[in-house]
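Q: Keeping their order, the protein sequence lines are chains A and B.
In terms of UniProt numbering, the first sequence opens at residue 1 and continues consecutively.
In terms of UniProt numbering, the second sequence opens at residue 1 and continues consecutively.
Please keep in mind that the hints were generated in silico from the structure rather than gathered at the bench.
Note that the coordinates shown come from a computational prediction; the quantities given were computed from them, not determined experimentally.
Some clues are possibly wrong.
[To be verified] Simulated pairs of lysine-lysine, DSBU-like, Cα-Cα distance not exceeding 30 Å:
1) B:Lys56 x A:Lys229
2) A:Lys155 x B:Lys126
3) A:Lys16 x A:Lys229
[Unchecked claim] Coverage of chain A stretches by chain B, computed from C-beta distances (three or more under 8 Å per stretch; other residues unrestricted):
4) 235 to 241
5) 246 to 253
From the three backbone atoms N, C-alpha and C, an ideal C-beta is built for every residue, glycine too.
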Amino acid sequence: MNQPLTLTAAQKAGPKATVIALGLALAVLVAMPLLHLLPAEHALHVSAYTLTLVGKILCYAIVALALDLVWGYAGLLSLGHGLFFALGGYAMGMYLMRQSAGDGLPAFMSFLAWNELPWYWYGTSSFLWAMCLVVLVPGVLAFVFGFFAFRSRIKGVYFSIMTQALTFAGMLLFFRNETGFGGNNGFTDFKTILGFSISAPATRATLFLATVALLTGSLYLGFRLARSKFGRVLTALRDAENRLMFCGYDPRGYKLFIWTLSAVLCGLAGALYVPQVGIINPSEMAPTQSIEAAVWVALGGRGTLIGPLLGAGLVNGMKSWFTVAFPEYWLFALGALFIVVTLYLPKGVIGLIKRRGE
Amino acid sequence: MKTVPCSAVIDGFDPTGGGLTRDAIGLGRVAEKGLDVRHGTILSLEDINVSFDGFKALTNLSLYIGVGELRCIIGPNGAGKTTMMDVITGKTRPTSGSAWFGETLDLTRMSEVDIAQAGIGRKLQKPTVFEALSVFENLELAQKTDKSVWASLRARLSGEQKDRIDEVLETIRLGQSRHRPAGLLSHGQKQFLEIGMLLMQSPQLLLLDEPVAGMTDAETEFTAELFKSLARKHSLMVVEHDMGFVETIADHVTVLHQGQVLAEGSLQQVQADERVIEVYLGR
Ligand SMILES: Nc1ncnc2c1ncn2[C@@H]1O[C@H](COP(=O)(O)OP(=O)(O)OP(=O)(O)O)[C@@H](O)[C@H]1O
Ligand SMILES: [Mg+2]
Numbered sequence: 001m002n003q004p005l006t007l008t009a010a011q012k013a014g015p016k017a018t019v020i021a022l023g024l025a026l027a028v029l030v031a032m033p034l035l036h037l038l039p040a041e042h043a044l045h046v047s048a049y050t051l052t053l054v055g056k057i058l059c060y061a062i063v064a065l066a067l068d069l070v071w072g073y074a075g076l077l078s079l080g081h082g083l084f085f086a087l088g089g090y091a092m093g094m095y096l097m098r099q100s101a102g103d104g105l106p107a108f109m110s111f112l113a114w115n116e117l118p119w120y121w122y123g124t125s126s127f128l129w130a131m132c133l134v135v136l137v138p139g140v141l142a143f144v145f146g147f148f149a150f151r152s153r154i155k156g157v158y159f160s161i162m163t164q165a166l167t168f169a170g171m172l173l174f175f176r177n178e179t180g181f182g183g184n185n186g187f188t189d190f191k192t193i194l195g196f197s198i199s200a201p202a203t204r205a206t207l208f209l210a211t212v213a214l215l216t217g218s219l220y221l222g223f224r225l226a227r228s229k230f231g232r233v234l235t236a237l238r239d240a241e242n243r244l245m246f247c248g249y250d251p252r253g254y255k256l257f258i259w260t261l262s263a264v265l266c267g268l269a270g271a272l273y274v275p276q277v278g279i280i281n282p283s284e285m286a287p288t289q290s291i292e293a294a295v296w297v298a299l300g301g302r303g304t305l306i307g308p309l310l311g312a313g314l315v316n317g318m319k320s321w322f323t324v325a326f327p328e329y330w331l332f333a334l335g336a337l338f339i340v341v342t343l344y345l346p347k348g349v350i351g352l353i354k355r356r357g358e
Numbered sequence: 001m002k003t004v005p006c007s008a009v010i011d012g013f014d015p016t017g018g019g020l021t022r023d024a025i026g027l028g029r030v031a032e033k034g035l036d037v038r039h040g041t042i043l044s045l046e047d048i049n050v051s052f053d054g055f056k057a058l059t060n061l062s063l064y065i066g067v068g069e070l071r072c073i074i075g076p077n078g079a080g081k082t083t084m085m086d087v088i089t090g091k092t093r094p095t096s097g098s099a100w101f102g103e104t105l106d107l108t109r110m111s112e113v114d115i116a117q118a119g120i121g122r123k124l125q126k127p128t129v130f131e132a133l134s135v136f137e138n139l140e141l142a143q144k145t146d147k148s149v150w151a152s153l154r155a156r157l158s159g160e161q162k163d164r165i166d167e168v169l170e171t172i173r174l175g176q177s178r179h180r181p182a183g184l185l186s187h188g189q190k191q192f193l194e195i196g197m198l199l200m201q202s203p204q205l206l207l208l209d210e211p212v213a214g215m216t217d218a219e220t221e222f223t224a225e226l227f228k229s230l231a232r233k234h235s236l237m238v239v240e241h242d243m244g245f246v247e248t249i250a251d252h253v254t255v256l257h258q259g260q261v262l263a264e265g266s267l268q269q270v271q272a273d274e275r276v277i278e279v280y281l282g283r
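Whole structure, please, built from the sequences with the hints as guidance.
A: Encoded structure:
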């Protein structure tokens, strides 16, 4: 925790190179959905499969960024960020289910022979309310959890274990049919969003662009925070909380702010993930999902903002290749990757690039 | 987040105190607006008891620090010096006894953050700086200003604040290293940086736990000058094992032993005290 590594590595590696690389990446990401709109025979056409895959990875990249804000800067290792992601996804899913159900009840409820919507489903046919839920549910949960955890000065491993327990509890709750979120099947078979067919190329392209916009916005926000005095206080808090308190700062407010913000970003990412991937179920809350997110951040380089994006891209890229080529070996590969990173790349891929640059 | 209002005078407080006299050597009354120091005492510890799982770290400890005083605390390892500072800064709660900052602030009921904001600064025994931040940024964070989340989100350094940081950098002789990460400094430099952070915070009472440990002779001498220049305007409590250093700076020395005050007076006086010689100096 003590390595001097707060300034974004990007800044040190030479701002010019970073800006160029980021600009190129952004150009490619903006071009992809547009190329998807080309007729399928066209040589430059980007398939729906590719677009969905990349869109999904971008959503994960936002989670990685959000996790980096709390882990890399404030030193709070969350092993439960999958929960916030899934909650945002479920909130969006509720709206999508209502869209497909029309005036009736969502299919899984009819299947359970329910004849009335549970109270928490009220208003979810409105896109706007669903969007409010996307922000509020993860945000309020994170706020309440954080309020008590930080007030009781829960730190380090204990904090990580509690977040892990939280997501596990969420998963068990959502597995139950009676909870009213489709049990272990979750939500799927979406048809329309805001009246547009969910599988139409234009809808896919728009959702993809929205994801790119959210990622860019989050990255910008992250940079602004990291370079503000607020960001420096977070770093100080990570390295010497006692000293910070003797300087007159109350760490609780700082932790709570970044923690809640991070959860909201995850919720938004989840909301964009669901219509693109077409399914949300409780497995998104599985403890391993959240642990995997920590691997993305560690692999990319924590406390660097850009690193975690690379980490999410690399790991998920590898994962989709592995699950096609050698499906049964993926978890071993992931484990091996994690060991290699911890042993040889304490500062992640970004650290490696930086060392090359020097 | 807000400084605690200091206006309410606590009733029923007996200014004559217990066994030891409360007549602190009032060397000045330059305490800041807001802190009530009518009796010339900035810090009063009375009958403080602290025990850790039955082990008594402090026993009926009473101690008074006058406004503008520079007090040295000496005592063998494990005497309870650091524990006493923990009590003053709110890190450890005494099992009984009272601790007042000025006449009105009850330290045993305030949080660490409130105590720091009320004007007590502390240098930890093991030098602790924000290693990942640069020297300049360390000082920036320490400066006396609004420390709420919202203020930090919008904070920008004014020219005046920058000048103040430069001035302190000059004082602690780290001007050359301003952009270095604090983690790369030597032990002695970290000590200076932490002292610099206290200067930025400009507290009324400074608690310094072994400030010259790991410093060269020249650095120690320089620190002595620095502390002497701080006294009068600030009140200082310095814990130190280095007797030469204590001799140079102290107005007044308190000897702690097994959680109790063994002797108090000038260094010559306490060094002549039989009991002190027995437990400490003549080991
Ligand atoms: N948190 C704690 N739990 C249990 N015992 C403690 C704790 N803190 C301090 N002590 C004990 O209290 C006694 C006083 O410790 P303290 O650190 O105050 O001594 P000190 O005078 O600062 O010594 P030194 O000169 O070595 O710094 C020691 O015996 C120590 O072991
Ligand atoms: Mg000590």
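Q: Hint by hint, say whether it matches the structure.
A: Hint by hint, here is what the structure shows:
no., hint, in the structure
1, B:Lys56 x A:Lys229, "42 Å, violated"
2, A:Lys155 x B:Lys126, "21 Å, holds"
3, A:Lys16 x A:Lys229, "24 Å, holds"
4, 235 to 241, "holds (count 5)"
5, 246 to 253, "holds (count 6)"
The structure fails hint 1 only (numbered hints given earlier).
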